[in-house]
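Can you build the whole structure from these sequences, using the hints too?
Protein chains: 2
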Amino acid sequence: MQNFTYHTPTKVFFGRGTEKEVGRIIKDYGYKKIMLQYGKGSIKKNGLYDVIVSSLNENGIEFVEMGGVEPNPKVSFVREAVKVARAERVELILAVGGGSVLDSSKCTAIGAMNDSDIWDIITGKGKAEKALPVGCVLTISAAGSEMSRSAVLTNTELNMKRGLGSDLNRCKFAICNPELTYTVDKYQTACGIVDIMAHTMERYFTPFEETDLTDRLAEGLLKSVIESGKILMTNPEDYNARANMMWASSLSHNGLTGCFRRDALAVHQLEHALSGEFDHIAHGAGLAVLFPAWGRYVYKSNIPRFAQFARRVWDVTEEDDEKAALLGIEKMAEYFASLGMPTRLSDFGIENVAERLADLCTFGKSRTVESQITLGYDEIKDIFESCY
Amino acid sequence: MQNFTYHTPTKVFFGRGTEKEVGRIIKDYGYKKIMLQYGKGSIKKNGLYDVIVSSLNENGIEFVEMGGVEPNPKVSFVREAVKVARAERVELILAVGGGSVLDSSKCTAIGAMNDSDIWDIITGKGKAEKALPVGCVLTISAAGSEMSRSAVLTNTELNMKRGLGSDLNRCKFAICNPELTYTVDKYQTACGIVDIMAHTMERYFTPFEETDLTDRLAEGLLKSVIESGKILMTNPEDYNARANMMWASSLSHNGLTGCFRRDALAVHQLEHALSGEFDHIAHGAGLAVLFPAWGRYVYKSNIPRFAQFARRVWDVTEEDDEKAALLGIEKMAEYFASLGMPTRLSDFGIENVAERLADLCTFGKSRTVESQITLGYDEIKDIFESCY
Numbered sequence: 038m039q040n041f042t043y044h045t046p047t048k049v050f051f052g053r054g055t056e057k058e059v060g061r062i063i064k065d066y067g068y069k070k071i072m073l074q075y076g077k078g079s080i081k082k083n084g085l086y087d088v089i090v091s092s093l094n095e096n097g098i099e100f101v102e103m104g105g106v107e108p109n110p111k112v113s114f115v116r117e118a119v120k121v122a123r124a125e126r127v128e129l130i131l132a133v134g135g136g137s138v139l140d141s142s143k144c145t146a147i148g149a150m151n152d153s154d155i156w157d158i159i160t161g162k163g164k165a166e167k168a169l170p171v172g173c174v175l176t177i178s179a180a181g182s183e184m185s186r187s188a189v190l191t192n193t194e195l196n197m198k199r200g201l202g203s204d205l206n207r208c209k210f211a212i213c214n215p216e217l218t219y220t221v222d223k224y225q226t227a228c229g230i231v232d233i234m235a236h237t238m239e240r241y242f243t244p245f246e247e248t249d250l251t252d253r254l255a256e257g258l259l260k261s262v263i264e265s266g267k268i269l270m271t272n273p274e275d276y277n278a279r280a281n282m283m284w285a286s287s288l289s290h291n292g293l294t295g296c297f298r299r300d301a302l303a304v305h306q307l308e309h310a311l312s313g314e315f316d317h318i319a320h321g322a323g324l325a326v327l328f329p330a331w332g333r334y335v336y337k338s339n340i341p342r343f344a345q346f347a348r349r350v351w352d353v354t355e356e357d358d359e360k361a362a363l364l365g366i367e368k369m370a371e372y373f374a375s376l377g378m379p380t381r382l383s384d385f386g387i388e389n390v391a392e393r394l395a396d397l398c399t400f401g402k403s404r405t406v407e408s409q410i411t412l413g414y415d416e417i418k419d420i421f422e423s424c425y
Numbered sequence: 038m039q040n041f042t043y044h045t046p047t048k049v050f051f052g053r054g055t056e057k058e059v060g061r062i063i064k065d066y067g068y069k070k071i072m073l074q075y076g077k078g079s080i081k082k083n084g085l086y087d088v089i090v091s092s093l094n095e096n097g098i099e100f101v102e103m104g105g106v107e108p109n110p111k112v113s114f115v116r117e118a119v120k121v122a123r124a125e126r127v128e129l130i131l132a133v134g135g136g137s138v139l140d141s142s143k144c145t146a147i148g149a150m151n152d153s154d155i156w157d158i159i160t161g162k163g164k165a166e167k168a169l170p171v172g173c174v175l176t177i178s179a180a181g182s183e184m185s186r187s188a189v190l191t192n193t194e195l196n197m198k199r200g201l202g203s204d205l206n207r208c209k210f211a212i213c214n215p216e217l218t219y220t221v222d223k224y225q226t227a228c229g230i231v232d233i234m235a236h237t238m239e240r241y242f243t244p245f246e247e248t249d250l251t252d253r254l255a256e257g258l259l260k261s262v263i264e265s266g267k268i269l270m271t272n273p274e275d276y277n278a279r280a281n282m283m284w285a286s287s288l289s290h291n292g293l294t295g296c297f298r299r300d301a302l303a304v305h306q307l308e309h310a311l312s313g314e315f316d317h318i319a320h321g322a323g324l325a326v327l328f329p330a331w332g333r334y335v336y337k338s339n340i341p342r343f344a345q346f347a348r349r350v351w352d353v354t355e356e357d358d359e360k361a362a363l364l365g366i367e368k369m370a371e372y373f374a375s376l377g378m379p380t381r382l383s384d385f386g387i388e389n390v391a392e393r394l395a396d397l398c399t400f401g402k403s404r405t406v407e408s409q410i411t412l413g414y415d416e417i418k419d420i421f422e423s424c425y
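Protein chains in written order, with this note's numbering: chain C, 38 to 425; chain A, 38 to 425.
Simulated from the structure, these hints should not be mistaken for lab results.
One thing to keep in mind: the hints can contain errors.
Copies of the same chain look alike in the list, so a pair counts if it works inside one copy or between any two.
[Stated by the list, open to error] Calculated pairs, BS3-like style, for lysine-lysine (alpha carbon to alpha carbon, straight line, at most 25 Å): (1) Lys167 x Lys111; (2) Lys164 x Lys64; (3) Lys48 x Lys209; (4) Lys48 x Lys167; (5) Lys164 x Lys120; (6) Lys209 x Lys64; (7) Lys120 x Lys162; (8) Lys81 x Lys64; (9) Lys209 x Lys167; (10) Lys69 x Lys167; (11) Lys82 x Lys223; (12) Lys64 x Lys167.
This structure is a prediction, so every number in the text was calculated from the model and none was measured.
Right, here's the structure in full:
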């Protein structure tokens, strides 16, 4: 069993109406001037923007705005935001949105407080020692960024998508009202479900055994997400299912399901290469294709574990371990398909560029990715090949 | 589904050898002078005291000592410690021990920073607005105080045991090495197992439905604790089982298993009356008697929930809900008995003083205790009566 450090300092305000408290919460922390980041404007259409602004005004919180964060958020946007944050001397970044807005805000918070350029920090050339605090009003259950120590940025000039894992990335607070996710469409809801499950499954399959408590928690979380996901496909306004999903999004990526294991996210590394190269591919949809493909490729390295996954998460009753292991992977693939997710890379209308993707994923054959087995260039290429 | 606020800021350093890092950890936080609290001296016999002192010395941390914290820690001790903490201007209280040392340290940390007497604060007559930070090196898996917002003190003059729930009670850091619990004897290990399970079951049975994710996490935690407990009864030095138990102790009481529910701990209130009155009764042993008795008394108010508990936690296959519910309660009672726990209050060699205990528990008929049903004086007396 591995030693671990567990630190989830984010204060979560969860439930109906909590977004109306944002101004008071920020005031209670003592911040007076903030930057508001959001996406392409859906929060203006659905009224959330007005709720936030009213709450900030009522509590005397000054703010500057940086709207327009794109999916797969861009380093160019963050560089702009850093300039504004410095010039305006903001004390906190408030992200109103999902994983993209959160990651953009986290990177802005780090960029604003350190001399190095944010891309240099992400790629290890620059150093980060502090960050502005980040708070969020979450509008989609998926990335888990509201409690995680991750942020992912895309550099369009270099065609690269890279993540930064750091405790500086932990949000100060997260406001989570499941009702705000009612309007997330079926496809994006499904992408979120896959992402949440992947965050838990990635840790579940890191190669360390004998972690019964973490296993049980992960399996329970997965079972709950699977059930809530089925409900949301037919009733997107089921509060309990939306709430389960939103809280699962936070717990799947805050470290809880990785205790005694590792926070390494191998399949995520493959997916970052994919959606870094093809901007139209949603992260969750990429994972839906890649996770079963990865499972089929590596399961033989640890059949008992894949069999346990099949039996405890997917209620597989097959007694033969290897058959059970394979059935579990197929049940996962069927579930993703039942959510309307693509099952092959060709579904995205892209050519077979497995070599290019393997090159991107290994940073030009300069790194491997650890999961049940070590994945180098050849293994990663094989997995991508198997998805066409 | 209830709204909730979730905040578990305690940084946990978990695993082998972590206690040797205590001085460095405190130094990294910037504290220079601390108070060391511990119990009756077992840490001096087993060498832990020397490890801690060496680590503090190596890192230049000055400290004053307050050894001698008793089980069911006393307000008189805390009042002394508060005087010392103020006179010596300590910046942090380091608890080396289990729940009693932790609760004593937490109350010292609050007492030292507020004008009101600590007993007045606990009983609501005084106010607490801040506290010194508390860190701990945990030596027993039971109370969950290392991550909880609770502290319990006993006032021997008034023969009262009372708890204080406050975010001021959250530890700054917790150092958790499962190896330090190898020497905890079978009886105390069993008491800890019951306490951990009770913290989760209390929340599980607060009367709110439709909380699938929290249910699944709680059920998984209980299953893992049950299995690890069986292992520890025959092999007290099984690292994995000790580690599961130690981490379960933290997760059972940090709020995780109460999300969407309430943190009300009804059976704990009954037990506090019991061990407040009879100092020789260990908290976990009291719970082992009271929890099944409480279950038998209230299960009819929510048969489907008790049936779910029976099926998911105790693998009961009975199809009739009421029969299943009762079987679950009996399986729990049998499990506690299999750990060597008492099954009746008469096992403690005490007279039937149900009326006195009901009076203590209701603060002289001035409060009720909420669980599946509201427990007033009469109901509480009936439950105590049923335990003889």
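Homo-oligomer pair classification [lysine 64, lysine 209; C-alpha up to 25 Å]: both (13 Å within a copy, 24 Å between copies)
Lysine 48 and lysine 209: within-copy, between-copy, both or neither at 25 Å Cα: both (6 Å within a copy, 15 Å between copies)
Identical-chain pair category, lysine 69 with lysine 167, by Cα at 25 Å: For lysine 69 and lysine 167, both the intra-copy (20 Å) and inter-copy (23 Å) Cα distances are at most 25 Å.
Intra- versus inter-copy proximity for lysine 120 and lysine 164 (alpha-carbon distance at most 25 Å): within (18 Å within a copy, 44 Å between copies)
25 Å Cα threshold - placement of lysine 162 relative to lysine 120: Answer is within; shortest intra-copy Cα gap is 20 Å, inter-copy 51 Å.
Within, between, both or neither: lysine 48, lysine 167 at alpha-carbon 25 Å: Both ways: lysine 48 and lysine 167 sit 19 Å apart in one copy and 18 Å across, limit 25 Å.
Up to 25 Å CA-CA - lysine 64 versus lysine 81, copy category: Cα proximity of lysine 81 and lysine 64: one copy only (23 Å, versus 48 Å across).
Alpha-carbon proximity context of lysine 64 and lysine 167, limit 25 Å: Answer is both: 22 Å inside a copy and 18 Å across each meet the 25 Å cutoff.
Within, between, both or neither: lysine 209, lysine 167 at alpha-carbon 25 Å: both (13 Å within a copy, 19 Å between copies)
Within, between, both or neither, where lysine 82 and lysine 223 count as close if Cα-Cα is 25 Å or less: For lysine 82 and lysine 223, only the intra-copy Cα distance (19 Å) is at most 25 Å; the inter-copy one is 62 Å.
Homo-oligomer pair classification [lysine 64, lysine 164; C-alpha up to 25 Å]: The answer is between: 22 Å across copies meets 25 Å, while 31 Å in one copy does not.
Intra- versus inter-subunit Cα pairing at 25 Å for lysine 167 with lysine 111: within (21 Å within a copy, 42 Å between copies)
Every hint, counting from the list given before, is met by this structure.
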